[in-house]
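Visitor: In case you want the letters, here they are:
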Amino acid sequence: MRDAHRTSARAGWRLPVGLRVGGALVLAVIGVAVVGLVWLPQHPDAADFLQRLAPPSPQHPLGTDHFGRDLLARTMAGARNALWVGMVAVGIGLTLGVVLGILAGYFGGWMDRALMTLLEALYAFPAVLLALLLSAAWRPGATSSMAAVGLATIPIFARLARAGVLAARAQPYAEAARALGASDARVLLRHILPNITGPLIIQASLAMAAAVLIEAALSYLGLGTQPPTASWGRMLREAQSFMFLSPYPALWPGLGIAVTVLGFNLLGDGLRDWTDPRRKSLRPAR
Amino acid sequence: MWEFVAQRLLGAAVTLLLATVLVFSALLLVPGDPAQAILGLEPNPQVLQALRRSLGLDRPPLHRYAEWLGKVVRGDLGTSIRYGQPVHELILRRLGLTLPLVFMSLAVAVALGTLLGSIAARWGGTRLDLAVSGFALTGLVLPSFWVGLMLILLFSVRLHLLPSGSFPGWEDLSRALSHLILPVLTLALARAALFTRIVRGSLLDVLHEDYIRTARAKGVAEWHVVYRHALRNAAIPVVTVLGLEFAQLLTAAVVVETVFALPGLGTLALTGIEARDYRLVQGIVLVLATFIVLLNLLTDLLYALLDPRVTYA
Numbered sequence: 001m002r003d004a005h006r007t008s009a010r011a012g013w014r015l016p017v018g019l020r021v022g023g024a025l026v027l028a029v030i031g032v033a034v035v036g037l038v039w040l041p042q043h044p045d046a047a048d049f050l051q052r053l054a055p056p057s058p059q060h061p062l063g064t065d066h067f068g069r070d071l072l073a074r075t076m077a078g079a080r081n082a083l084w085v086g087m088v089a090v091g092i093g094l095t096l097g098v099v100l101g102i103l104a105g106y107f108g109g110w111m112d113r114a115l116m117t118l119l120e121a122l123y124a125f126p127a128v129l130l131a132l133l134l135s136a137a138w139r140p141g142a143t144s145s146m147a148a149v150g151l152a153t154i155p156i157f158a159r160l161a162r163a164g165v166l167a168a169r170a171q172p173y174a175e176a177a178r179a180l181g182a183s184d185a186r187v188l189l190r191h192i193l194p195n196i197t198g199p200l201i202i203q204a205s206l207a208m209a210a211a212v213l214i215e216a217a218l219s220y221l222g223l224g225t226q227p228p229t230a231s232w233g234r235m236l237r238e239a240q241s242f243m244f245l246s247p248y249p250a251l252w253p254g255l256g257i258a259v260t261v262l263g264f265n266l267l268g269d270g271l272r273d274w275t276d277p278r279r280k281s282l283r284p285a286r
Numbered sequence: 001m002w003e004f005v006a007q008r009l010l011g012a013a014v015t016l017l018l019a020t021v022l023v024f025s026a027l028l029l030v031p032g033d034p035a036q037a038i039l040g041l042e043p044n045p046q047v048l049q050a051l052r053r054s055l056g057l058d059r060p061p062l063h064r065y066a067e068w069l070g071k072v073v074r075g076d077l078g079t080s081i082r083y084g085q086p087v088h089e090l091i092l093r094r095l096g097l098t099l100p101l102v103f104m105s106l107a108v109a110v111a112l113g114t115l116l117g118s119i120a121a122r123w124g125g126t127r128l129d130l131a132v133s134g135f136a137l138t139g140l141v142l143p144s145f146w147v148g149l150m151l152i153l154l155f156s157v158r159l160h161l162l163p164s165g166s167f168p169g170w171e172d173l174s175r176a177l178s179h180l181i182l183p184v185l186t187l188a189l190a191r192a193a194l195f196t197r198i199v200r201g202s203l204l205d206v207l208h209e210d211y212i213r214t215a216r217a218k219g220v221a222e223w224h225v226v227y228r229h230a231l232r233n234a235a236i237p238v239v240t241v242l243g244l245e246f247a248q249l250l251t252a253a254v255v256v257e258t259v260f261a262l263p264g265l266g267t268l269a270l271t272g273i274e275a276r277d278y279r280l281v282q283g284i285v286l287v288l289a290t291f292i293v294l295l296n297l298l299t300d301l302l303y304a305l306l307d308p309r310v311t312y313a
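Chains A and B supply the protein sequences, listed in that same order.
Be aware that the first sequence starts at 1, since it is given in my numbering, and climbs by one per residue.
Be aware that the second sequence starts at 1, since it is given in my numbering, and climbs by one per residue.
None of these hints come from the bench; they were simulated from the model.
Every residue gets a Cβ at the ideal spot worked out from N, C-alpha and C, and that includes glycine.
Be aware that a few hints might be false.
Not close to chain B: a few residues of chain A, all C-beta gaps over 12 Å, as computed [as the list claims (entries may be wrong)]:
1. Leu53
2. Ala54
3. Ser57
4. Val99
5. Ala121
6. Ala176
Derived list of chain B stretches under chain A, where covered just means 3 residues or more per stretch with a C-beta under 8 Å from a C-beta of chain A [what the hints assert, rightly or not]:
7. 143-152
8. 174-185
9. 240-254
Chain A on its own, in the form it takes in the complex:
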């Protein structure tokens, strides 16, 4: 028991620094969001008009905003919102991207060409452009921004899945499965998909970082999460007018975004370096 513990601890220390830091930051943000689900120091929308733009105090550990709302409660609620929106967006991009990429890679031919052309066109529309389009046609809001970020992420996942399928399809195990009479669906789901999950997970972590950043920008522009729901981007927009009176309303959401984005970036990069045997020392040869 004791030995097992020691071994696992030693193995843990062998993980690269970036991966450990990234993992810790992501866990911290998830922790804050989960705690925020069951407990917040105050209601994030409760206004205390006597204490507007207050600096940190025992009553309001991170200070208050221009309505006297508790910044700790709002920043915690913002973490929840950021993770939720990011997860839905990446979920959309991952699911649709993987399905399209697999179809293109596995069946090839005209379907491959048609799907790749379509994705190429989608590539010309970064998330912000899609969000502008959806907001104008439909209406601004969390749904539009999640859809926009999700759609914009599709091409990345699709290319990754397609490349993985092309590589896996040529492997003897895929051929053997087919020779044994397995159906296309079975070969895809049982033999090919498990082999491309690694790169997809790494990409999902990086996409999560991008999604949180873009969603914050969209909320800042008024195209994302709508008030009164606490979102970091929206908090920054509201803080802008009062920045000269108190820096705290702008400080915490900015920090929250930075920590979350840094965490998912480090996690994704760290996983990639860790799983890629070709990357060794970064020192130049002498």
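With chain A's structure known, arrange chain B on it following the hints.
Guide: The following block gives chain B in isolation, referenced to the frame of chain A:
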């Protein structure tokens, strides 16, 4: 070579055509229809019918798309509902600010990224490398609008050195530029961070090559090795992402224009959304997407020109 160029041109044309389909079909999402969106809640049924007819909404979507595309190709993006002016004129006027902003930022980002990236690679593994890489990571994770706010707080509010926003027009060039310093810095920072990482990474790869060892063995000075021998080849990955980076900058400009209250395309699009002026937004999105497609095309061609090893398959 020419086959490759022709292939890329054809590809870009198809992409643009699909882009128009996407922009047009987004309108089919408008609740009710555009006529209702223009007239607001509970319009007079007769007026609504008349407007529908004059907008051509009584005809099938495919027919409308063909007609719309015909106009778009001739540069006619319709009339703005909010401003009552031709959309393409509004866009052209605002591009006069957004494009210089984006290109200046791109130039600053490439210059800064190349400089920092080569420093980090030259002294790879040292504290200097760590500091530069740390800066690059910070630049990537900070939201641009937050950086903008902090720059305003520092340079405008505390130090009173630079204006915090708005744009006086190009008549007085030095005054115009002073209004653009902070926005350009804000936009360039994240991109510079990315370029730093790319230049560093590709330089480190190149510095392992045989010809670098040969150059060193010949006794070529280290800075000469880095700047004349290595950087030239390490520049190729930078060129390949230029198109992508341009796209990033164009969309980041939407956000940064809002932070600094600059009358560019981004702020115009947001005004359009507030006014439910779908035609204006549609035009802006189409123009921006076109820029992105063309820049990607240019990047591909430039890449083929720069790297003789590229096979035109």
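Visitor: Name the hints, by number, that the structure is in violation of.
Guide: Numbers 5, 8, in rising order.
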